[in-house]
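Read in order, the letters of the sequence shown are residues 0 to 207 in numbering that gives the first Met the number 0.
In case anyone wonders, no lab produced these hints; they're calculated from the structure. On a predicted model such as this, the values are computed, not experimentally measured, just so you know. Hints are not guaranteed to be accurate.
Unchecked claim - Label pairs and their calculated CB-CB ranges:
id, residue 1, residue 2, range
1, 20, 97, 46 to 56 Å
2, 134, 42, 37 to 47 Å
3, 98, 18, 39 to 49 Å
As the list claims (entries may be wrong) - No farther apart than 27 Å at their CA atoms in a straight line, the calculated lysine-lysine pairs in the BS3-like style are these:
id, residue 1, residue 2
4, 30, 120
5, 104, 30
6, 14, 121
7, 163, 104
8, 3, 104
9, 163, 174
Using N, Cα and C, we set each Cβ at its ideal position, and we do this for glycine too.
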Amino acid sequence: MQTKDYTTDLLPLIKSLCGVEFANLELPRIKAMVNSRAKRAYRASNFWPRFLVVGEERDVTNGYVPWTQAGLDSVDTFVIIHRSAPYIADSAQNFDFYVDFTGAKIVDGDLNSASAYATYKKQTTSVYGDGTNGTTSSIPDEWFEYLAHGTYSDWLRSEGQMEKSQIADAEAMDKLTDELIRIDEMRSSALVSTRIQTNANMQSRWSY
């Protein structure tokens, strides 16, 4: 999937929006703002294509599908769990479940299954930055405009420019809403969209 670079793409756009050249001492603060916005974007949907895993077979232990399994991505959010491989030919039974510290607890169907097929959002541990000190410089392209305008809004707020910050934040949210609508439109033609219940668009999700 497409990405943009933190140093050559994102940071110059933020500087342009702010109309300043940040001193080196200010760059960690800007990075913190970027990552705060990235966390919001990640939480805005369970269906970002780059984080969505559909129908992956995972072990069941004592009736649980654990959050982690060796060799597989760690789960952030369980979306749906099936008894057999879904979205292939025959209809697959999906399990009711709840989640706790251990993972997803299956509460109906074949409680003795050794495996189940989970559709989930995988965890991300990325900290965005210039690629040094454990950060990654690859920014998800679908978040790029939101991160830039959202960071601009947060910078304005930190400078006491509240009215301008609110305007910039509204524009940032519009950027993210466009991407969320795009997810809905892509999913509407896919088989998975008929099996997974979605939330409303961004306007009704948040009230920032």
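Exercise. Hint by hint, work out which the structure violates, then give me just those numbers in ascending order.
Key: Violated hints (numbers, rising): 2, 5, 6, 7, 8; every other hint is consistent with the structure.
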